[in-house]
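Asks: So you can see what is in the structure, the chains are spelled out below.
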Amino acid sequence: MVELDDLHAGYGALPVLHGFSIAVEPGQVAVLLGLNGAGKSTAVKALCGAVATTSGAVRYRGEDISGWSTATRVKAGVVMVPEGRRVFGDLSVERNLQVGSWTQRRNSKWVRGQREHVYKVLPRLDERRNQLAGNLSGGEQQMLAIGRGLMANPTVLVIDEASLGLAPVIVKEILKIARALADDGTTVLLVEQNVGALEVADVGFFVDQGEVTATLRGKQLKDGDRIRSLYLG
Amino acid sequence: METVIEVIVFGLQRGAIFGLVGLGLALVYKATRILNFAQGELGTVPAFAALMLMIGFESSGDKAANRGLLLPAIVLAVVIGAALGVALYVAVIRPLGKVSPVTSLVATAGVALLLTTLELNVFEARARRFPRPVNGGFRLIGTSVIVDWHTVVILAVLGGVALALAAFFRSAPGVALLATADDPFAAELQGVPVERMRAMAWGAAGALGALAGVLGAGVFESLTPGLVTSTFMIPAFTGVVLGGITSMVGAVVGGFALGIVSQAAIQIVTSYNLDVPGPPQLAVLLVLLAVLLVRPQGLLGRLA
Numbered sequence: 001m002v003e004l005d006d007l008h009a010g011y012g013a014l015p016v017l018h019g020f021s022i023a024v025e026p027g028q029v030a031v032l033l034g035l036n037g038a039g040k041s042t043a044v045k046a047l048c049g050a051v052a053t054t055s056g057a058v059r060y061r062g063e064d065i066s067g068w069s070t071a072t073r074v075k076a077g078v079v080m081v082p083e084g085r086r087v088f089g090d091l092s093v094e095r096n097l098q099v100g101s102w103t104q105r106r107n108s109k110w111v112r113g114q115r116e117h118v119y120k121v122l123p124r125l126d127e128r129r130n131q132l133a134g135n136l137s138g139g140e141q142q143m144l145a146i147g148r149g150l151m152a153n154p155t156v157l158v159i160d161e162a163s164l165g166l167a168p169v170i171v172k173e174i175l176k177i178a179r180a181l182a183d184d185g186t187t188v189l190l191v192e193q194n195v196g197a198l199e200v201a202d203v204g205f206f207v208d209q210g211e212v213t214a215t216l217r218g219k220q221l222k223d224g225d226r227i228r229s230l231y232l233g
Numbered sequence: 234m235e236t237v238i239e240v241i242v243f244g245l246q247r248g249a250i251f252g253l254v255g256l257g258l259a260l261v262y263k264a265t266r267i268l269n270f271a272q273g274e275l276g277t278v279p280a281f282a283a284l285m286l287m288i289g290f291e292s293s294g295d296k297a298a299n300r301g302l303l304l305p306a307i308v309l310a311v312v313i314g315a316a317l318g319v320a321l322y323v324a325v326i327r328p329l330g331k332v333s334p335v336t337s338l339v340a341t342a343g344v345a346l347l348l349t350t351l352e353l354n355v356f357e358a359r360a361r362r363f364p365r366p367v368n369g370g371f372r373l374i375g376t377s378v379i380v381d382w383h384t385v386v387i388l389a390v391l392g393g394v395a396l397a398l399a400a401f402f403r404s405a406p407g408v409a410l411l412a413t414a415d416d417p418f419a420a421e422l423q424g425v426p427v428e429r430m431r432a433m434a435w436g437a438a439g440a441l442g443a444l445a446g447v448l449g450a451g452v453f454e455s456l457t458p459g460l461v462t463s464t465f466m467i468p469a470f471t472g473v474v475l476g477g478i479t480s481m482v483g484a485v486v487g488g489f490a491l492g493i494v495s496q497a498a499i500q501i502v503t504s505y506n507l508d509v510p511g512p513p514q515l516a517v518l519l520v521l522l523a524v525l526l527v528r529p530q531g532l533l534g535r536l537a
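Sequence lines, in order, name chains A and B.
The opening position of the first sequence corresponds to residue 1 in our numbering, with each subsequent residue numbered one higher.
The opening position of the second sequence corresponds to residue 234 in our numbering, with each subsequent residue numbered one higher.
In case anyone wonders, no lab produced these hints; they're calculated from the structure.
A portion of the hints provided could be inaccurate.
[What the hints assert, rightly or not] Chain A side only, calculated, beta carbon under 8 Å to chain B, not exhaustive:
#, residue
1, C48
2, A71
3, G77
4, M80
5, R86
By construction, the Cβ of each residue, glycine as well, lies at the ideal position given by its N, Cα and C atoms.
Using the sequences and the accompanying hints, generate a full structural model.
Replies: This is how it looks when you write it as structure tokens:
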């Protein structure tokens, strides 16, 4: 479904990714784990077209999309929920979702249906439809950011640092939502510093210094000693 | 009493033009955080284009304008205003990139100067007769105050523009524009064409400017180079600051308030025979000063 193949990318003269490779199957939850500055965010930004790549391929459904604009990728179903939530604070919850459906706006019937679906999956938003996003709590804003992403009809949903700064109970709720989305057929990529995210993962990638240094599957995802040693080196 | 009504009627007429100019200022500020000092010339240039169409493209002679062509001339003006707005954004603002507010303000002021100079070169420093869509007026019931039909036309246009803007900000592109203003990166991640949204805001501001130019020239029934900048720009800007710079409603409310304030200033100075130079300008600047001192975020705005 999604494959980053020997990706090199960075910001100006500063290279961040040095041969970054992952592959994620449809309907999986993949977790990109690693310390601050490891290159996780840069990798998913390259996937969404928010960072230019210098070499390597970004493959989606077998096609190299590295030359596509962000807008084209969103239309094709690759959608990112940015780090720090970045909801539109001056707009209501409902309007935030409307912006999310930008690429689908011609299909108003689908948009209406999807909006109700989002409210069902994220009931906390339902109660706050007409509130300004800026007045929501951190957890609610994170849910709104995810809901906004869902309004773009994603096949692949990238959630960058969803658990940052949230209470553990909210983090759990958001991870559960991610799992449920994947079980519904959406491929989910979670960028996390929180190892707890591995509990809902099908595959975990440990990222260090711009490369994937370990891939965890099955039982390995619950191997605390292994994970600890990856983190501590 | 009659004097008060007269002040209000004339104040609303000027105020509606201030409102049209102010809406353009507020829209551009909302979308791109830039104070566009060329907004006035986005009005004067299209007004000259409209005049040219009505006099058959003879810039030298003093041919009377063909009023039959006024409607197509207004349409032409609006199209040119919108094109100018987009061009200003694409050719001047976007290439500047991320600069301080003062830099972009100076750039737009430079554009205003350039356009005014061009007008002076082509049309010379003199007034040309400019027609109104509807001539004459009517007596306000129970008074001896005459209201120009032109005032009614301006208010109706402003009302139509306000309704159109309200509808726009509920539509998908309007909401996407608000989102772009709020967080361009997040908007882009949803596939919103951020640059096109900004250009669209500048284009809409240009169209509003053109309406202000054509109707504003109609107020004096004459058009001179730099007209909208010299007569409407500062009060409109003050009105926008008073209303709360990103608020569309505020721009209109502020425009009306400034219209009435400047008319009242004229009235007071003439009836008491005071020796004060430029009463409306003085009043406008005093309001600007007062707003900045007492409530810098404006009536309907929030602190940035």
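Asks: Each hint should be assessed against the structure and marked as holding or not.
Replies: How the hints compare with the structure:
Residue-level restraint check for C48 of chain A holds (minimum Cβ-Cβ distance to chain B is 7 Å; threshold 8 Å). Interface hint status for A71 of chain A: upheld, as the beta-carbon distance to the closest one in chain B is roughly 4 Å, under 8 Å. Taking 8 Å as the C-beta contact cut-off toward chain B, the hint placing G77 of chain A at the interface is violated, the least distance being around 11 Å. Of the supplied interface hints, the one on M80 of chain A holds, with its beta-carbon coming within about 5 Å of a beta-carbon of chain B, less than 8 Å.
Below 8 Å, beta-carbon pairs count as interface contacts, and R86 of chain A has one with chain B at about 4 Å; its hint therefore holds.
The structure fails to meet hint 3 from the earlier list, while all remaining hints are met.
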